[in-house]
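Chemist: One letter stands for each residue in the lines below.
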Amino acid sequence: MKPKSRPGRSLQISEDFDFQVRNWRAERIAWVVMALVLAAAALGLFSVGPLSNTSASTSDGALKIAYPRFLRLNAPATFKVHVRAASVSDKGFALELNPEFADSLQIVQTLPAPERWLTTAQGVRLQFAAAAGEAATVHFHIDPIGFGSIKPRISLVGAGGVDMPIFVYP
Amino acid sequence: MDAVARGLFIYLFLLAVIRLSGRRTLAETTAFDFILLLIVAETTQQALLGNDFSVTNCALLILTLVGMDILLSFLKNRSPRLERLIDGLPLIIVEQGRPLHDRLRKSRVDEDDVLAAARKHHGLERMDQIKYAVLEANGGISIIPKDDK
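Residue numbers (our numbering), protein chains in the order written: chain A, 1 to 170; chain B, 1 to 149.
Incorrect hints may have been included.
What the hints assert, rightly or not - Below, a sample of chain B positions facing chain A; criterion: calculated Cβ distance under 10 angstroms:
(1) A16
(2) L36
(3) R84
(4) H122
Said to hold, decoys possible - Just a few of them, taken from the derived set where beta-carbon distance is under 7 angstroms, the chain A residues facing chain B:
(5) D18
(6) Q20
(7) W24
(8) E27
(9) V32
(10) A35
(11) D143
(12) I145
None of these hints come from the bench; they were simulated from the model. Just so we're clear, the structure is a prediction, and the values are computed from it rather than from any experiment. A virtual CB, placed ideally from N, CA and C, is assigned to each residue, including glycine.
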C-alpha cells in the first residue's frame, strides 16, 4: 500500500478507512465465532459434556456400553461396559475387541483386569472372572493414539457386539 | 510430518486469533497482557510438543516456526494486500486536537491512552496540543505535536 495523504492532511500515512471498517467487522464476527466455539465446548462437542456422552447396546440388551462420542488425541477417557446378569455364566464372560480398537485406542487399564488376554481371528479376547448370574461392569480406561473417525467394536462372546462410532480430535 | 503439521497449525491459529482479537495495544503491554502472553505460551507449548520430547521433534518445530516466519515476511513483502491483512494498517485517531470518537471506540482505545502516549513521548499536557495521534499497525500510539506547543 502506497502511503498517501488526504487533501488538507499533511500526514503521509497508508490509512484505508474502508479496510479498517471491514477489519472491525471481521473482528466482531470472529468474536461471535469464538463465543460459539466455547459454548459448543461447554456442551461437549469437543469431548466431555452432554453432547459427547452416549451409549449403545445390543438389540437383546445383553451388552450395553456408555462411551464418549468425541475424544481427543492422547486424552484419556473411559468406556463403561455393562453385561446383563443372564449373560454371565460360572466361567464369567468374555469380551472381544475388533482390530480397529487396538489400532486406534491404547488400553491403559481395564477394571477389573481380565483373567486372560487371547488373540483370536476376530481381534483380542478378554476373559473376565465374575459371579455367575450377576450383572457385571468393566471400565476400559483408554487413550486414543490416532485421530479422525474410528469405529471400535466390543462384542460379548456368545452374544452380539456394539459398534462405537467415535471422532477423535487431533 | 507430525511436528511440521502441529507447528503450522499452531502458528496460523495464533496468527488468526491474535489478529482477530484486535489486540491493538500489544505494544503498550499492561501487566495483564503480560500474564496472558505467559499463559498462552505455556498452553501452546504442550500441544506443540505432544508426547515427543526428542531433539528431532524440537529441531523440526523450530525450523517450521522460523520457516513460516521467513515465508510470511517474504510474501508480505511481495503482496501489500497480504501485508495489510496480516499486520493491519495505521489509523488516525486524533486530528488537530480533536479526538475521533467513533474510531477510538471501535479500536477500544480511549482518550487517556492517547494522552498517556502524548505525555510519555512528547511531554504534552492537553489534547489540543496534539496535531495527529495515530494508532499504528503494531498497536503503539504515535503522537505528532502541534508546531506551536
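Chemist: Taking 7 angstroms as the limit, does the beta-carbon of W24(A) come near enough to a beta-carbon in chain B?
Modeler: holds (5 angstroms)
Chemist: Tell me if Q20(A) is really an interface residue toward chain B, meaning its C-beta lies closer than 7 angstroms to one of theirs.
Modeler: holds (6 angstroms)
Chemist: Taking the least C-beta to C-beta distance, is D143(A) closer than 7 angstroms to chain B?
Modeler: This hint is violated: D143(A) lies away from chain B, its Cβ roughly 10 angstroms from the closest one there, beyond 7 angstroms.
Chemist: Regarding the hint that D18(A) lies at the interface with chain B, is the smallest CB-CB distance below 7 angstroms?
Modeler: violated (10 angstroms)
Chemist: Take the shortest C-beta to C-beta distance between L36(B) and chain A; is it under 10 angstroms?
Modeler: Violated: closest Cβ of chain A sits about 15 angstroms from L36(B), beyond 10 angstroms.
Chemist: Would the hint on A16(B) be counted as holding, given a Cβ-Cβ threshold of 10 angstroms to chain A?
Modeler: Holds. Min distance 8 angstroms.
Chemist: When the nearest CB of chain A is found for H122(B), is that gap smaller than 10 angstroms?
Modeler: This interface hint is violated because 16 angstroms lies over the 10 angstroms limit.
Chemist: Take the shortest C-beta to C-beta distance between V32(A) and chain B; is it under 7 angstroms?
Modeler: This interface hint is violated because 11 angstroms lies over the 7 angstroms limit.
Chemist: Hey, does the E27(A) contact hint survive, CB to chain B under 7 angstroms?
Modeler: Since the shortest Cβ distance to chain B is 4 angstroms, the answer is holds.
Chemist: Mind checking the CB of R84(B) against every CB in chain A and telling me if the closest is under 10 angstroms?
Modeler: Since chain A brings a Cβ to about 6 angstroms from R84(B), closer than 10 angstroms, the hint holds.
Chemist: When the nearest CB of chain B is found for I145(A), is that gap smaller than 7 angstroms?
Modeler: Since chain B brings no Cβ nearer than about 10 angstroms to I145(A), farther than 7 angstroms, the hint is violated.
Chemist: Under 7 angstroms, Cβ to Cβ, is where A35(A) needs to be relative to chain B, so tell me if that hint holds or is violated.
Modeler: At 12 angstroms from the nearest chain B Cβ, A35(A) fails the 7 angstroms test, so the hint is violated.
Comparing the model with each numbered hint stated earlier shows that hints 2, 4, 5, 9, 10, 11 and 12 do not hold.
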